[in-house]
Every structure is written in C-alpha cells, then in structure tokens.
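Protein sequences appear in the order of chains A and B.
In terms of full-length UniProt numbering, the first sequence is numbered consecutively and its last residue is 119.
In terms of full-length UniProt numbering, the second sequence is numbered consecutively and its last residue is 728.
Since the hints were made in silico from the structure, they are not lab data.
Treat the hints loosely; a few may be bogus.
[Said to hold, decoys possible] Cβ pair distances, simulated, as ranges:
hint, chain 1, residue 1, chain 2, residue 2, range
1, A, Glu86, B, Ser669, 42 to 50 Å
2, B, Met621, A, Glu86, 35 to 43 Å
3, A, Gly95, B, Ser665, 54 to 62 Å
4, A, Glu36, B, Lys505, 26 to 34 Å
5, A, Asn39, B, Ala620, 56 to 64 Å
6, B, Lys505, A, Asn39, 35 to 43 Å
Computed from a predicted model, the values in this text were never measured in an experiment.
All C-beta atoms in this analysis are idealised placements derived from N, C-alpha and C, irrespective of residue type, glycine included.
Spelled out from the first residue to the last, the chains are:
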Amino acid sequence: MARIIVLDDVSDQGTLVKRILERKGHEVTAFTEEEEAINAAAKTAPDLAILDIKLKKMTGVEVLEEIKKVAPSVKVIMLTGYPTLETARESVRLGASDYCVKPIDKDELESKVEEVLAM
Amino acid sequence: MPDFKAPSRRIGFRPFAGVLRAVERMKFRTKIALGISGIVIAMAIIFAVTLGEMASRAVLSEGRKRGRTVAENLAMRAAEPLIADDLLRLKNLVDELKKVSPDIVYAFIMDESGNVLAHTFQNGFPVELTEANPISDDNFSLVIVDTSAGYIYDFAAPVRLAGSNLGTVRLGLSREQLLEPVSRLNVAVLAISSVSLLIALIAGLAFAHRVTRRINLLKKHAESVVMGNLDVQSAPLPTRHCWECMNCNLTTCPAYGDPLRRCWYMAGHLDDNVPDSCVESCRDCVIYRQNAGDEIQNLAEAFDVMSVTLNTHIKELREAEANLRRQQELLRTIMTVTPDFIALFDNNLRYMSANKAFTDFVHMPEEEIIGKTDEDLFAPENARRRAIEARAALETDQVRKAEISDTSNGGERWFHVVWTPVRDSEGRTVGLLRTSRDMTEVREYQEQLLHSQKMESLGKLAGGVAHEINTPLGVILGYAQLLQDDVDHDSQIYKDLRTIEKQAKVCRQIVSDLLGFSRRAESTKREMCLNNSVMEVVTLVSHTFYLDHVEIITDMDDRMPIIFGDPEKLKQVWINLLNNARDAMHETGGAIIVKTRLYTPLQKVTIWVADTGPGIPPDAMPKIFDPFFSTKAVGEGTGLGLSVSFGIIEDHDGSIEATSPLPNSFFESLTPQTQQKLPPPNDRGPGTVFVVDLPLDHEESIDTPVSSSICKQEQQELDTEPADTPAA
Numbered sequence: 001m002a003r004i005i006v007l008d009d010v011s012d013q014g015t016l017v018k019r020i021l022e023r024k025g026h027e028v029t030a031f032t033e034e035e036e037a038i039n040a041a042a043k044t045a046p047d048l049a050i051l052d053i054k055l056k057k058m059t060g061v062e063v064l065e066e067i068k069k070v071a072p073s074v075k076v077i078m079l080t081g082y083p084t085l086e087t088a089r090e091s092v093r094l095g096a097s098d099y100c101v102k103p104i105d106k107d108e109l110e111s112k113v114e115e116v117l118a119m
Numbered sequence: 001m002p003d004f005k006a007p008s009r010r011i012g013f014r015p016f017a018g019v020l021r022a023v024e025r026m027k028f029r030t031k032i033a034l035g036i037s038g039i040v041i042a043m044a045i046i047f048a049v050t051l052g053e054m055a056s057r058a059v060l061s062e063g064r065k066r067g068r069t070v071a072e073n074l075a076m077r078a079a080e081p082l083i084a085d086d087l088l089r090l091k092n093l094v095d096e097l098k099k100v101s102p103d104i105v106y107a108f109i110m111d112e113s114g115n116v117l118a119h120t121f122q123n124g125f126p127v128e129l130t131e132a133n134p135i136s137d138d139n140f141s142l143v144i145v146d147t148s149a150g151y152i153y154d155f156a157a158p159v160r161l162a163g164s165n166l167g168t169v170r171l172g173l174s175r176e177q178l179l180e181p182v183s184r185l186n187v188a189v190l191a192i193s194s195v196s197l198l199i200a201l202i203a204g205l206a207f208a209h210r211v212t213r214r215i216n217l218l219k220k221h222a223e224s225v226v227m228g229n230l231d232v233q234s235a236p237l238p239t240r241h242c243w244e245c246m247n248c249n250l251t252t253c254p255a256y257g258d259p260l261r262r263c264w265y266m267a268g269h270l271d272d273n274v275p276d277s278c279v280e281s282c283r284d285c286v287i288y289r290q291n292a293g294d295e296i297q298n299l300a301e302a303f304d305v306m307s308v309t310l311n312t313h314i315k316e317l318r319e320a321e322a323n324l325r326r327q328q329e330l331l332r333t334i335m336t337v338t339p340d341f342i343a344l345f346d347n348n349l350r351y352m353s354a355n356k357a358f359t360d361f362v363h364m365p366e367e368e369i370i371g372k373t374d375e376d377l378f379a380p381e382n383a384r385r386r387a388i389e390a391r392a393a394l395e396t397d398q399v400r401k402a403e404i405s406d407t408s409n410g411g412e413r414w415f416h417v418v419w420t421p422v423r424d425s426e427g428r429t430v431g432l433l434r435t436s437r438d439m440t441e442v443r444e445y446q447e448q449l450l451h452s453q454k455m456e457s458l459g460k461l462a463g464g465v466a467h468e469i470n471t472p473l474g475v476i477l478g479y480a481q482l483l484q485d486d487v488d489h490d491s492q493i494y495k496d497l498r499t500i501e502k503q504a505k506v507c508r509q510i511v512s513d514l515l516g517f518s519r520r521a522e523s524t525k526r527e528m529c530l531n532n533s534v535m536e537v538v539t540l541v542s543h544t545f546y547l548d549h550v551e552i553i554t555d556m557d558d559r560m561p562i563i564f565g566d567p568e569k570l571k572q573v574w575i576n577l578l579n580n581a582r583d584a585m586h587e588t589g590g591a592i593i594v595k596t597r598l599y600t601p602l603q604k605v606t607i608w609v610a611d612t613g614p615g616i617p618p619d620a621m622p623k624i625f626d627p628f629f630s631t632k633a634v635g636e637g638t639g640l641g642l643s644v645s646f647g648i649i650e651d652h653d654g655s656i657e658a659t660s661p662l663p664n665s666f667f668e669s670l671t672p673q674t675q676q677k678l679p680p681p682n683d684r685g686p687g688t689v690f691v692v693d694l695p696l697d698h699e700e701s702i703d704t705p706v707s708s709s710i711c712k713q714e715q716q717e718l719d720t721e722p723a724d725t726p727a728a
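Isolated chain A (complex conformation) (with noise of 0.2 Å):
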C-alpha cells in the first residue's frame, strides 16, 4: 500500500495506471497538469510518482526537478514513448528510480512499481 502520483498529458494513460495500480492496493492520484501534481506532492509528499516526459508545457524532467526539490524522498520512474540518451541520463542525474519506455507492459508495470518500491 503506497501513495502514488502518475502524471501524463494523455488523461487515458493516467487512468489507465491508476486502474492497474490501483488492483495492486495502491492508492494513485493521475494528474493531466503539471502544476496541480507539483502542488499534490508538495502538499503530502507521494511514496512514488509515475511521470511521462512529454507533458502539456514542462517536460517530466522538469517536473521531476520539481518535486524533488517540494519533496526529495519521493521515488520516481519516468515513463517515456520517445527515450532519449540525453532525458534517461538527465532523469538518472536528478534522482529517477527508472526510465521506462512506453507502451509499458501491465506485468512490467506492476514488477517495476513493486521493485522501486521495495528500494
């Protein structure tokens, strides 16, 4: 049982996540802005957030920066359809837990969630 944050541009994606995690006993907020997750972490820091890199007008790098500095222990996998060296490196350099690609598989959804958890 974790308090999870899942960010992406694609409210579908979002909901999806939080469905899948949601079986698992997690209790998941999905956000479409930028801002209002921020605000979510800052507010009460999540044990996990799941962001995708491509938003609406940060990048989840951005956003990852972000809530680091409101909220420095929370665990972070970035989620990406488009991974590039420079964004894995740079999500690796700012504290991510992993970089996943998307279309990210329900069991290796759930694997990854468990493992980072479980760091």
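Following the hints, position chain B against chain A.
Coordinates of chain B only, in the frame set by chain A:
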C-alpha cells in the same frame, strides 16, 4: 630558254658548244697542260714564221746581189776570150765558177747572136733556157726560172768591150741552196720551242697537281660533310696559335685553346674580354700575317668554320627535335592514359582522331574510326542525340554539354559529354573536340545519396509516427490487459482480449523498430569486444533456435578484436541477422555459421552470418535493405530489421552486404574444426551470407593486454549478472 622558232641558229653553235662542254669536262690538270702547250706552240710558230721570213728575205737579197756580182764578174772576164774565140778558156771560166759555190746550178756564155759557146751542163744544154732570160737594152736582167729541180734565179749580164756587145753571160743560182741556212734556223727554233714546251708542261703540271690536290682535299671533305661527317679539318694547322702570338692567357675567349679555327673567322663571336689589340683590323694583326694563306687556304678555313657552324646548328636542331618529340610523347601519353574519351571531328562531323580510351570503348582501332561518323559507331538513338548536340555546337560556335547514356556494352553507362568547337589561328571553326567522362559511378553515388536522404526523411516520419502512436497503443494494450483480470479466463471475451493484446504487442514491436530505425544516430559507443558481443547473442538464441532445428556454428577469430561501438545496437544487428537466417530455414531447419575475422592491415574486422537456407532470389536482392521490404508473410515481420541493421552498421562507419547463393570460398575459408561440424553438402540449400565490415577502434586494441582485459572484464560482467533480453 630553248628557242623553238629558230632552231637553225642553234645548229651552227652546236660543235662549238660541244667543244666548250668537252673543255669544261676536262680535268684541271689537262686544262693547264693544254693551255701551256697551246701558248708555247703558238709562240714557236710565230717566232719561226717571222724569223724565217726575215732570214729568207735577207738571204735571197744577198744571193741576188752576189749572183749579179758573180755574173758581171764572169761577163768581164769572158770579154777577152770571146774576142779571141778562145772557147777553151770560156769553158774553164764557167767550170771554175761552178766549183766555187755549191749554190751555182749552172753558168753559160752566149755570143751576140745567141749561140751557146761554153756551159756547165753535163747532160747536154737545155735549148729553151737561152730564151728564158733575154736581155734588153744591154742591161743586167734577173728572172726566176721554174725547173724540175726547183726555182732557179737566172742572172743575165751582157759582155761588153769598148761599147760593143760581144755576147751574154748567164748564171743560175738555186733558190733552195740559197735558203738552206734559213731552214737550219727554223729547225733550231723548233728545237728550242720543244724544250721550252716540255719544261713549261712539267712546271705547269706540278703547279696544277699542287692546286688540285688541295682542291680535291676540299672536295673530299665536302663529300664527307654531305655524308654527315661534320668533324672535318681542311685547313692546315696554323704555324703559331693566336694565344701564343698574343700571350694573352684569355681562357674565356672562344678562340683560346682552339687549334683549328682562325680567330678572324670568329669575329663577332668574340666577347668583350678580348684585348683591344685583337679587335683591330686583322690585316695589321700579327696572327693574320703569320697564318693567313692563299685563296685556297682561305677557302679551306672558311669551309672548316662552315662545318663547325653547321655542326652547332645541327646539334641545336637535334636538341629542338628531341624536345619536340618529348613534347609529342608527353601529349600522346596524356591522351592515351586519360580515362576520358577524347575525339576530334572535322566540320562534317567525321572522326579525325580518337584517343585510346575511346578506341577501347568502341572496340575499334583508331585507323578504322577515322573518317567514320557517330552513326557508324553508336546505336541510332544515341548517335542522333550526339549529332544534334555536335551540330548545335558547330552552328552556335559554343561549348555544349550533355549527359548521355550508353547501353552498347551491356549495362547502362552514363557519360558527361562536352563538345568544344575548334578554331584555327584566324578564328574560323574548323572542327569539334568531344570529351566524354564516365559518370556512371557518380550517378550511382547520386542515387545512393538520394536513397539515404529518402531513408532519413522516412526515419523522421517514422519517428514522429511512432512517438504519436505509442501512447494510444500503450493505453489499448494496458486496458486489454487490465480487462483480462475482470473476466473469466475461459470466456470468449477473455480470448478476444488476448487477441487485442497480442496484436497490440505486434504494433508495439513495429513502433519499436520504427523508433530504432529513426534514431540510428543516437548511440552510446565505447570500446567493446566484438567476439563477446556476438557470442552473447549466439548463446542467448541458440537454445530457441535448436528447438527450430537450427544449429549455430561459430568460427571466431581468437585475437579479440576491439571495436568502438554501441553494444546494445550491435547486438540488435546480430539478433536481426540470426533471426533472418533462422526464418529463412523455418521449414527445413539447417545451420547458421557465424564467422569473425580480423584484418589488421586493413584496420577492420569482418563478421559473416551465413545460413544453409534456400537463398534470396536475385530480383529481391537489391531491395532487402529497404524499409518495409519483407518476403515474410503478413504479420510475421515488419521488414524493418535489415534496414535498421543497415543504419546501425553505417552509423558505426561499417558496411553490410548480402550474397546469395553462398560462394564456395566461404566454406573453404572456415577452420577444419568448423568444417567438420557443417551439415553434409546434400542437406544444404544455396544459402545466404551477410557480411558486415566494422572498422577497428585503433591499432593497439588488437590482441594486446588492453584488448584482453576489456574482453575478460566484459566476460566477468556477463558471468555475474545474466544477460537481459536485449532491447528490441
């Protein structure tokens, strides 16, 4: 100029001309001998005639005087005996007279009536003689009587005593006897003349010999000059050389040290260093005075100078000729060696000349090409195009360029052809120069460039599409998986959801491939061990392949080649190649041979991935690296594998190519151990081999402690953490 209108006039000159010619043809010596003889003989004749005439006149005049004296003396002495009729005394008188002088032929005495009283004739008195010289007026008379014994001066003198005429005395003097001394004089003159002639001839011939010998020497030298030998010396050596006369030690003077040439023949060639005394008039110069000779020597010296000058000129000419020949050969070499086709045309577009590249191209010697036109050498359409351009160049007098294709030698070749009008020195167009360059390779490069640009655009497009489609695809896949948990696993809905999931995963693979294809430039390269990279993949797939009855045989170069590359991407290439090979033998099963070889001098490593499958049909061969080209059934492959591999290998500055069927040399190149593992030839298909060339990192990375350590380190890493499924 022959005068045909008056030939008769020439006839008269003919003998004279013949004589002149004969004289001209005579040798110089004969001419001198004839000349001297003529002069001496003419002088002798003149002397003899003049002298003889004068002498005979004097002698005859003297004889006449003497005869008159003798006759008158006889007449005086005969007067007394006549009166006395003493015939005996008269006879004695005439006989004595005749004995006195041998030139007295006869003498006789006649009385006044003309009767001969006494005479000296032995054989009777010739009666007609009495009438031959009659005396008139009792005076002395002289007549010349012509007798059989020659001319005789007949003197008649009257015999008088006290005014009365007693008779006549006659005396005959022989003219020949009188002229006897004159004849002797003439003989003497003749003898003297002969001796003079002989002496003059000998002297003349000796002189002529001396002159002709020198002229003949000159002639001989002239002949040898004509034969090409210019190193002749006709003039005699000077008695004293100029530098000895002047004691000048002027080694820069061209005359210095040249014993053959006279310094005065070098006037104008002497440089400024010549002392002032040398450039004064040669006539006053001691060198000239000591060494100058007669005209023949002058001639010989001039001849020597001429041959030296000629020699110098010929040497210069030869040098110029050699230079010209060298230039010609240079030009010919350039024309022969150049790979461009060069041909020269006249105004009627007929070939005047063609270089070797062109004659080789049309398989015809230059002699046969000359005079022909393009219609004779090229296919009609090609020839027509060439003729149009050539005429346009001639008419507009401007350079024309065109790209022309030629299929005459099998296979299409492209030529960049330039027609340049050729002008003469007066600016008239006299022909056309055509140069053609084989552009086939450049065209191929152009096409390759176009192709790679196409691929790049396609890659960008694919990347964009993949990016956009990934999220919705992920949602579809996720919900399909999510829903599967909510339904009964035996229900039809569950099966349908499985199908959706399966097909969504196919899409995901396609998108993944597209991404790989589009982002080939992004890679994380590092020093890596090629063998490890290949073996890792082989180990990974060999079990799965074994289940499909495909065996992987490896033949690795154990020198541990180190390359600079992206391990993940290269693994993707190996997997692609192995998968392709496996798929080719999906039904039959067979073997995949993986061989690596290191080529240190070429700084490259080559990987062969060969299969024993049915091979690639020739028509499919050019397209196998194209994106989305696949021979597999729909749903079994995207056709992106090889194009992705192609991109990855290009990104590594390497090359990849395929050959089908497998060349026999491939099997022969394998080690004996590997050959033993091969399936028997009967079980093998034609096969396909993919050959990948990759550049080595750098020279030190081959079989060195560094390379071994890299390979060992990688090996250890592999052993400790089991390899993940490589990212597709």
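These are the hints, each one checked on the structure:
no., hint, result
1, Glu86/A - Ser669/B: 42 to 50 Å, "43 Å, holds"
2, Met621/B - Glu86/A: 35 to 43 Å, "39 Å, holds"
3, Gly95/A - Ser665/B: 54 to 62 Å, "57 Å, holds"
4, Glu36/A - Lys505/B: 26 to 34 Å, "33 Å, holds"
5, Asn39/A - Ala620/B: 56 to 64 Å, "59 Å, holds"
6, Lys505/B - Asn39/A: 35 to 43 Å, "37 Å, holds"
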